[in-house]
Each structure stands twice: as C-alpha cells, then as structure tokens.
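Spelled out from the first residue to the last, the chains are:
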Amino acid sequence: MGHTNKVSDLQSHTGVEVMRCYQCGKCTAGCVLASEMNYPPSYLMRLLQTGTKPNLDKVLSSNSIWLCLNCENCLGRCPMEIDIPKMMDYLRTQAIKENKLHPDSKPIIAFHKSFLDSIKNTGRLYEMGLVLSYKFRTFNFLQDLSIAPSMYLKGKLHLLPEKIKDRRSMKRIFGQTIENAKTDNK
Amino acid sequence: MSKIGVFICHCGENISATVDVERVAREIGGMEGVAHAIDYKYMCSDPGQTFIKEAVKKYGLDGVVVGACSPRMHEPTFRRACAEAGLNPYLCEMANLREHCSWVHEKSEETTEKAIDLVKMLVEKVKKNKPLDSIKVPVTKKALVIGGGIAGIQASLDIANTGHKVILVERDPSIGGHMSQLSETFPTLDCSQCILTPRMVEVAQHPNIKLYTYAELESLEGFIGNFKAKIRLKAKSVNYSTCTGCGACIQKCPVKKIPSEFNAGLGTRTAIYVPFPQAVPNKPVIDRVNCNYYKRGACKICEKTCQVGSIEWDKEDEIITEEVGAVVLATGFDVKGTDFFPEYGYGQYKDVLTGLQFERLASASGPTFGEIRRPSDGAVPKKIVFIACAGSRDPAKGIPYCSKICCMYTAKHAMLYQHKVHDGESTVFYMDIRAGGKNYEEFVRRAIEEDTVNYVRGRVARVYEKNGKLIVKGVDTLLGGEQVEIEADMVVLATAGVANCGSEQLAQKLHVSYDPYHFFAEAHPKLKPVETNTAGIYLAGACQAPKDIPETVGMASGAAVKVAALFSNDELVREPVVAVVNRLAPPLYSTCVGCFMCETACPYNAIEHEEIKGRDGSLIRNSARVNQGLCQGCGTCVAFCRSKSIDIQGYTNEQVYAEVMSLLND
Amino acid sequence: MSSNTDFEPKIIAFVCNWCTYAGADLTGTSRLKYATNVKIVRFPCTGRIDFLLLLKSFAQGADGVIVSGCHPNDCHYTSGNFHARRRWIAFRSVLDLMGVDIRRIQYSWVSAAEGSKWADLVNNTVADIRALGPYAEYQKVADYLEKEGYNEEA
Amino acid sequence: MKKLRERAAELLSQGVVSLVLGYEEGTKRPRPLFCRNSVNAEKLIFDSRCIHNLAVYITKKELVGKERFAVTAPISTLRSIMQLFVENQLNEEKLLVLTVDLNGELREFTTFDEIAAYVAQFELKRGEREQELLSKIEGMTREERWKFWMEEMSHCFKCYACRSACPLCYCSKCVVEVNRPQWINPWPAPLANMEWHINRAMHMVGRCTACGACGDACPIGIPIDLITRKMMEDMAPEFGYIPGQPAKQGNALSTWKLDDREQFIR
Amino acid sequence: MKIGFYPGCSLTGSSREYNESVVAVAKALDIELIEINDWNCCGATAAHAMNEELSLSLPARIMAMAEKQGLTEVVVPCAACYNRLKVTQHELEDDTKRSRVIDILKMPYQGSSRIINVLQLLEMYGAENIKAKITRPFAHKVACYYGCLLVRPHSILKFDRVEDPQSMDTMIKMVGGTTLDWAFKTECCGAGFSVSRTDLVAKLSGNILKDAADRGAEALIVACPMCQSNLDMRRGAINKTLETPSDIPVIYITQAIGLALGLSAQELGLKRHFVTVEL
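Residue numbers (the numbering used here), protein chains in the order written: chain G, 39 to 224; chain Y, 356 to 1021; chain X, 15 to 168; chain F, 5 to 270; chain D, 399 to 677.
It is possible that part of the hints are untrue.
[What the hints assert, rightly or not] Computed cross-link-like contacts, EDC-like style, restricted to lysine to aspartate or glutamate with a CA-CA straight-line distance of at most 16 Å:
#	chain 1	residue 1	chain 2	residue 2
1	Y	Lys821	D	Glu665
2	G	Lys124	D	Glu489
3	Y	Lys358	Y	Asp417
4	G	Lys158	D	Asp562
5	Y	Lys589	Y	Asp545
[Claimed, not checked] Cβ-Cβ distance ranges computed for the label pairs, FRET-style:
#	chain 1	residue 1	chain 2	residue 2	range
6	X	Lys47	Y	Asp401	46 to 56 Å
7	Y	Ala372	D	Gly509	41 to 51 Å
8	F	Gln267	D	Leu677	51 to 61 Å
9	F	Gln267	Y	Leu834	28 to 38 Å
10	Y	Glu805	D	Ala537	49 to 59 Å
FYI, nobody ran anything at the bench for these hints, they're computed from the structure.
All residues carry an ideal CB built from backbone N, CA and C; glycine is no exception.
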C-alpha cells in the first residue's frame, strides 16, 4: 500500500483534509498538553502532509496522539476548521492496528478498555470494578489507594455494580461494533 | 436555405487540448444550412478575423457562429469583424467552447461531442437571427463619484481635469477617508495628512467639482450615459453658506464624551463637530443622535455662541436629483473591530487595539499627540505584541482572503513603536510576510534588522488579562511548535479589511455585482478591473478588494480614464437587446390584447399603453408598447405573455426555441 | 441504483447571462472540472425563461433541467429572478399535480463569483438524475408523436 | 325575477343600455339570451340553474357592440367580471352588472369596487364533485397522478371547447395558434394534449376564479376544471390572495414578494 | 412541568451529590424529572477513543429509550454525557450512520428528543422561579468553570459563546453572587486522564485553581462531574504541584442555586466533597 493512501484513508474516514493546514500553529499555541507531546499538533499535521512512510510512522508511534485529551480547543480556534480531535481518534485506532504504540499509551488504553468492559457487562459504569480492572491491567496497585476509602465513606463508591435489565442489547452493541472492528482488521 | 459560416478556434491549445476541433469543424460543416466551417489556431487574431471577413464575402454568409471563448469575452470582437465585412453584426453568435467546455472537462470523446452540440445549438439560433440596428443614446457628460476617500478624490480630480463636471458624494461630514486617519505611510514613512490634505483642498476648490458631504446616494435609475441619481443631503443643522467655520460652537458644546469616529473610538468629540482639524469642508455638523437639543428638547448653546446665526434646528434631509452619464464607486473599506475575536477577548480589553486605532495613537494629530500610550491607564507600553492575520486568511471566521495591507502596516507599526519607545520590546506574530511591492520587502527587513522587531512565525491562540498585563499565548512554529507566552502591555490586531458597511445595499441600488464578502465585483479579473458588470459604473480603490494607497490611486485614475473615454463622444451606441410588441397589418394591428401583465412585471416601467385606433378615430383596442429608451432587455415580460405578442430582440422565442430543439434532437 | 451507472443523462441548463453564465465562465477560468452532460442555453435573465421551454426540453429527450440565475437581490435587472422564482413555484405545483417528476428540474442561484458552486451544481444534478434514471415515462409520450409521423419542419 | 325583467325592459326602453345579456329557458337547461329590446326582456330568467358563465361574451366586441350593455351575473360570473376588470378588458362606463341576491333583491353594479364588496360575502368552496375527485387525486402517488392524467388526456381531441368557454381566454391569438415557433402542436396527441393543459394551467395561475365553465364545456368530461381549481387553491396561500376575490391591482404571477418560498432552490 | 432526565453513571456513583442537588433544585422549582427507563452508560471518552460505531450506538440507545417513553426533552446534567448525546444526535443526521446504528440497536431512533444541559434547564424553566424563591442570596465571589465538554464543539452544541461563556455567570449573578473574569473558564482540566495520567491532570488542574485563587475566588462553580471530581478528589495530587496549596471548594451550579433557595447542605450533598465546603 502506497504511503499517500494512508492520508487519503484518514480523509475518507474522518473528513479531515490534512492539506488544508497552513501551519499557523494556533492549535499548538492553545494546546494544554503541547509541551508534553513529541510533536505538537501543527507539527503533526505537517508530518502527515509530507505523506512519507517514515513521517507517518513518527506520527503513529508518537505520544502526541495518546496525550490528546480531545478538549477541542484546537478545533474551536482553527482558522481552517480542521477536526484535529477526530483525526487523533482515528490515528489512535491506526496505531493500535499497526501495533506502533508509544509507551505513554499503555495506561490510557488500559483505562479505556477497563471502562468499556465495565459497560459491556453491566450496561453502566461500575467505578469500583473499573479501578480494580485497571489496576490489574497496569499493575499499578498503589495508585489512588489514598482516595478510595474516603470515596467510600462519602458514599461515592458502590461496592456492587448497578446493572441494567436489557443487558443483551449491550452484548449486541459491543458485538456488532468493537468485535466487528476486530474482524475487519484481519 | 441559410448560409452559415462556422469558425472554430483552438485558442492556442486552450480548446484544442481537450476538444478535437477538426472533428467539430468537420461535423458542423455537414449540417444543413452551414455553408462553410473551418478551425484555426487563434480566431480572435488579425488573420483569424480576416478568415471570417473573407468567408462572409466569398460565401455570401447570412450568419456566423464562432466557437471560441465566452461571448462575454469576445462577442464584440467578432461582431465588429462581421460588420466590417458587411454582415449585420447581430447575425454573429458565439459558442462557448472554452470556459464552458474545454476548460472544465478532460480530453475525451464526450468533450468533443459536447463542443459539437454547443456549436449546433448556436447554428440553429443564428438561423433565426434577424439583422438589428444598434440603438443610439445621448451621453450626459457629468460623472458621479461616490466616496470621498483617496480613491474618490483622485478619480474626481482626474475627471474634472479632463474638463468634465463631477459630483462627489461623501457620507461623512468631511472628505479624506481612511487615509486621513493614518499616521505615516509605508514604505517611505511620509506623513499621510501632509500628502493628502492638499488634494482635499484642491477638490473643494476645483471649478468642475461639486462636493456634497454628509450625503448618500438614495437611488440610481437609468443606464449608461443617462443615469438619474437621487442624492440625500443629510441635514447638517448648520447653514454652510453663512457659517465661517470659526469653531466657537464646538468649544461650547456641552456634550463632549462622544467616541470620535476619526480617532477610531480612542478620543472623544462634541455633538456639534468637525471630524478633524484639516477637514474639508471645515465646517461643523450636528450629530442629532447625541445632541442634547434633539434628545431632550433643550440646550441650544451652540446657537447662542454662533455670531452669524448659522444653526438650523428644523432643517430636514433634502433629496436632490442629478443627471449623470457615469458613476465611479469609491466607497472604500472598513476594518473588523476587536470585538470580532472571541479568543482575543471579544473587545473587552481596552489595551487590545486594531491597527487603525494604533494609527491614531501614533499620529501627531491623534488623542495622545503621537505618543504611544495605553488607553486603559495612559502608561507607555514596554512590551507590545502585534498579531498579523487577525481575521484574515481565516475561513472559520468567514474571511478566507488575505487583506493584503496588514503585513506592511504591521511592520510600519512595529517600526514606529520602536522609534517612539526606545526601550520597548515589540513582537510580531505572523504567518507569512507578504511584502510584494516596490521597496516593501526592504522595509520589512529594516524593521527586523535595524529596529530589532522580534518576528515570531505562528498564530496566537489566546489573549487574556491578568494583573494589568495581557497574556499572549502564541507559538513559534519555526522551533517545531514551541509555545511562546508574552506578558504584554498592549496588543495590536492587524484586523481584516472588510467591505464597507452598507456596500451590499449600495450594490443592489446600482445593480452591480459583488463578491461573497460584499466587495464590488469587477467585470473581468484581469482585463476589466475597473469596470463593473453594469455599463457606465466603474470601481476605484478598496471597495473592490483591500488595497494600499498607490494601488488605490492607480485604480482611481484608471476609472477616471474610462469615464473620460465615455464622455469623449456625444452619443453612445447601445445593444438593441430590447423587447418589442408585435405589429400586424389591420384589422389585427397586434396580437396583444392589452392585459398588461407585462406592465406589472417590468422592472423599468418601460411598458406603455398604446391606443390603437381605426381610420375613423374610434378606439380599436389598447395594446402594450415598449419604450426602447427605458427597456433594459431582461425579457421578463416575454415569459409572461400568454399570446406571445411581446418578444425580445437577440433572444427571441424562435431563437431560444431553436436552441433547445437542436440541443436534444438526436 | 447501480443499474444506472452506465446511463449518461442529458441535461439542459437555462441560465441568466449576468450571474450563472458568468459564474460558469469563472468555473472555466478556475479550471474546475465537471460532468459533460450539461449544455447551457444563455438568457438575459431568469425572468426571460419560458416554462414551455422546460416542457419542450423533456419532450426532446432531456432527463433533467437546471434553471439558474442571480441570487435574490442580485438580479442585474432588479427583479427578474423574483418573478422567475414565483413562476417556478407555480410551475412546480402544476407539474406535480399532473404527475410530472419535478425532481428532474433543479433550480439554483449561482452568482458570477460562484464558479465552484456551478461545478458542484452540475455534478450533483448529474448524480441525482443518474440515480433517477432516464425520463422514459415522459419520452414515451413524446415518442408517440414521432410514430404518428408528424414533423413540424416538414 | 320579475324585478329583473322590469328593470331590463326599463334599461332597454330608456336607451341606457343597448343589450341585456341574460338567460332564457332552453330545452334542457337555461341558455344565454342576447336581449336587445324590452319585449324580449319578458323571456329573462335568473335562478340557480343559470350557471353558464356569460362573462365569456362580454369581451367580444362583435357580440356586445360598442354601446353600453348590461349582463346578468350569478356569483361565479361576477368573479370572472372582476378578473376581467383587473386585466384591463372591461370599461366601467360601458358595463352594467345585474344580479339577484340571496333575499331575491335585484342588485346593480357599475364599478369593480361595488362588485368586490358584494362578492366578498361569498367564500369559494369545493362542491361535492370537486371534493370527491380532488381528494382522490391528492391521495395518489406521483406516478399514479401521471397515469390518471395521461389516461384522461388520451381522450382529449383538442376541440378547444375549454378555451372557448373560459371567460379569461380572450386572446385574439392563442399560443397554440402561434407557429413561429410552434410551441404546442394543435393536433390531438398525448404529449400535445399534456402540454396544452399544463400551459392552460400556467396561464390561469392567479387568474382562474374556478367557475367551472371549462369542465362543463368538455364534451368528453375530462375534469380539466380541477387542474385550474387546484392551482388556485394551492397558490392562494402561497402568493397571498383570496380565491375568487381578485385584487384590483396586479396579477399574482406577475408580482412577487421578497420572502416568496425558495426552499426548492439550491 | 415535566422533563426527561438522564443522570448517567457518574451521578449514581462518584458524583452522587450532583444528582442529589439536581433533584433537590428541580423539586424546589416544581420541575418533575422523569428518568429514562433502563438507561445505559453513554460510553464517554473511552468509547470514541476506541471505536466510533460504539461511541454512537451507546448514546443512541439512550435516546431511543427516551423516544420510546415519549420524552421530547431530556435534561442531561453530566457535561460529558450531554456532549456525547448531542454529538451523536448530530452525527446520526447522516442517513447511512443512522441506519447502521438502528440496525445495531434493533430499536427505532428518530433523533427527535431535544437534549439540554442543566444550565439550559435552569435558564429556560427555572429563571423566574429561582428569582422568586431566593431566601438566602448566594453572596460569594466565585469563578465559574465551564470546562471543555459543555461548550465544545460549538458548531454542534451551539451553547453559549465559544470563548468566555456567560450562562453560568448570569445564573450566579441572579442568585446574588459575583463572578470573576478569569482566564481558565474553558481550559481543559484533564479529567480524561484522571486515573491514567494523574501527573498531567495535577498540572492542568493546578493551573486552573491557581488562576482562580490569584483572583480571589471563594469557590469554583462547575456543571460537569468530571471536572468536579478531578478538581475536588484529586486535590491532594494537585496541591503538590502548587506553591501555595489551595482549599477552594469546587461546587456544582445546582448546589449554589440550592443554597440560595434555602436548601440544606445535606440535601445538596455538600458533605460529600473532599475539599470542605463552607459557604
């Protein structure tokens, strides 16, 4: 597959036209996490514009795509109305697909997975379960140990999950979306 | 049978690159009624035109179709060629093979077939064409110039100097426009007022110029050479024939806190005021919205101070009518205010200024007498940030175009600041530096190299206030996107140049086209930059698009030449594209039964009632008749006529019917 | 609709000289590409466009028609487009009552500055008409005439 | 009715009018009477069976002459007369309009305004037949409507009785008779028939007052009056006029409003 | 007056006090909240970070359930849920996406319910009532913090203005408070990484609290449970990044209004906060 196809895939999936960017840098100037990123958003756009394989690899294996919080400050101010957050969503799924994951992605993916597992099983978020599952995924057992008891005392933590009645619909929704995506990938 | 000549142009390769022109000529040559069909490299060239002329004579052609570019481009050229060969010019039509075919399609069988169809269509039309005589109309040799900025001033002076009368209408109480507000001008840094005011005085004193300030165009009727302009003279409340311009009334006016338009809101003025000291005319008007007398019915202090009794409280707006032959639009531009920028504080921070406001701060005649001081506390800003492309090149804000002048004036502003505040630090956030122009690039380099202005390539995401400072969050994209935060004392936005307010309505009054941003549209982007789509109306200056002073002046002189050329003849020849009501031999006289639906539909009141009388003088019927002086040839009446009794020359029912039938008949 | 992909609709466009014709010229000067299916007939104004011409187009085998002129308030002749707009409201209503497929007539405002809008209009209309297929229903009726052997030119 | 006869005789004998255009008994239903003397005035009748729209004659100089004349007009004829006034086809000085109101009183009008004031009391409504047929047509899909009309039109043999019966078809040369170009072929064929009827509907927009004369006149009973009636009903709210109440100035089609509907325009 | 109600997961767990205050204030204003039957989680950030179709299907089910119940208007207090529902509704205006989602849900979905946030609820249905029922004016100087999800993307949500929003400020002023003009109204607090990257969150939230503190805020007013729990529960971690630790409480707009209406701290769940609320 030629390298430029990936950029056109990006466009067909998200509607983001990378060539619209003229690197004014307004996104970067207002990004709360730009300083933490390997490549700030405007730089990332330029990498994509070149369309070369090495530059695309740089993008997918950077921490930038994982550190984006989707706060949409960039989109709100972008003079060319480029939907960078949507693009980041897409780049994340691509990074997973091509298994080019920056180490910074691990806890973030783990959290998202734990979150979705919780909904898949019960239909609603089971915060206690989420935290436990996340800890198993990251082996970071000490994190948040300090606040959990206070949360419980303040009535903020249920020990048992709330479940919706129609849990079969949840199974179906997950089955037809996430699971489908997995088979597509193969 | 018709003898039509068809001439297919290659337009260099513009047409022949995608259309098989030989095939077009070949196939058309086989059409019924086509006596001669050829193709040639440049039909509009001299040899090309000669081909047409010779063919007209040789084959005795009674119709010509030229398959070339848009008729909006070369129809007059080819019609003239036909006329020179003795063929009535209105028997010549053009098929648009370039703009509507070769340029918009790839090279293919279909493209050539479409070209054939387009030519066929016009061949069928030409078969139904009738010889027409052009209509001659007299020309009123007086010009109307709308807008008294540098564009209007220049155009007026140039026209007046050719010996023709000019009426100059200005909306504000004084002429001068934006140029009078500028401090110094790039790239020479000479004082704007010093070069402008002599011209303003010249306008006021020129015997051929009639100046109406505080006036607006109410309506414009008619057509090229014969416009009738209604001008509203807004009530000045001051009798200019007696007023001496002593200014005593202004001194005594108790309403002093009105934001001054001339100072872009940074200074104040009184309710009776002269916008600025060098105003022309240098006599005051009363701003009725803010005047105590008009607001509350009491005050009249100005009247008491006026020794010549010039105050006219009850004066009403007056509407005058002027007959003119041409109009020059020179209504200029405006700049976006700081309130247009959510990310820069919605205009709530006093020390965030527009470029125009900075001009006033830097101007010796401005509110701070040329010292750069913060509007909030009067302090001299030690750190100043200029943001270029504020609103321009920003499709999200609805302004995708480059405002053209900002790069240069921002460099000038930074330079002026460094000259005035020696220990100050100035930063310019820019995207690109566009300094195309004589000595422009050198000027910007001077700002960077000699005046140590810090140019940072990147846009600013946000400006907010904290502890009396303006926090500017920008970025240096040349350092890979490093965030730059500056605690500034003043921020100047090079806000986008936009169409002047009311330009859309004005364009509609004049029937001239305008672009999506409400700038007036030129008739052709390259070859007719000062003409509009409406004959007799010309453009000068920034009302067409943002432009700097030299360009504006050049354009104004160009418009003036167009007007002078129009006025060089006593008569003007008009296209005979007008409606006609059919006339038949008695006893029918006409198939028109006089329902006068055309009369209600006509935008120009060109339909008249005609009483058709028999020999004995008795009324046979009322029929419609078209006044050819008033008719503009839109043909709306034609489509309404149930009995098809009215038709429009050049686009007759027979002609358009033949076109439609040919197009699909296969 | 996949069966219609080979079908090349015949479309005729009735446009005014000042806005849409000039807009289509701009499409050309901007070198924007569009489908070859549309052929333009130039009128001074949309106000000039007779509804009978639209009927004749279908009778002559057009599968679709574009009618386009200046945006409201921009008419070179002040109000031709307003008259046209009202005429089209009535005409659509009559056609719909008679069962004529009014989806085949696309009305639009394209200004002299909207070169890209013209290209989009053409392409979208071609796509729409291609999806609708040939206007056989109307043409069948029109053909009857020819079978009877009448030919006005004769 | 008695009063009408007396008044007609009076008008004729005094020479106020040269003609009273009215109805007399026919073999099956009332027929038009061109009453030119007071003796004949005795034959005049005026009742609910008098539906023939006499307005169709009043634009024809060869019938009504150059002198002042009177016409007896039920409500539908009054509407046509109003529309003819709007279209500059009648002269108030030459016309006297007679009608009998709901109380059996004889009413006389000489001006557009007088007729308008009188007609304003009557709302134009669908009759049973129109209601039945129109709701059937309104319920059809587009394809069904096309089939329905094509079937109906296939019977039309272009006798132009519809045109002759319509008081508003007063052109001296009809578009079908125009042959440069021949917009609509004059002979009967499905397409030419369809074009003729669409053309007629368009020519009637904002003008038709739904008198029904065209439908009555059709020898094979094509409900063509429904086309123009339906258009009148649909366009009235669109263009802001009251059906059957022609406005004195301007035609609905040749005038416009800034906010006319344009959702259909791309 | 009755209106549909979608609490969302946070409001039944870590942000119970938001739920309590919304319910208490609605009751005080005679607004009856009708909870959507058998509602599910909207999927929040996790779903759209991982799978687009899932991120549309979960909110779509919620809205389909609301439609089934005949709820034409649904108030969604959680800004994250509000954002997801609104964005989904917008995305599903696309026919292909909509039919795909309907196919997954096996439920009809029209997209006809109007989704509103809690500020819109108070503004549209409460304003007059609140003014009339103030018993204890909320006389505090506060910083209204809107966060990201309530106002962005502006083109879809069309709520308030894009920078420097005002709706919450207007509400606070109405109940007797004063609001600060400050710099971080819509800057992101980083809540999406609350669990996974607490270090970054502490920095981002620290910036927000510092600006509010510098300008003398007595409290931060929020309408988003993500922001609230982040700024409140993570205060320990945040304070480690600040020179001067901050004890500014973070309370919900409904709690502030509840106080003005004379409701008790208990009813409004003010005891559940980590940072003690003394207002």
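Looking at the structure, which of the earlier hints fail to hold? 1, 4, 5, 6 and 9
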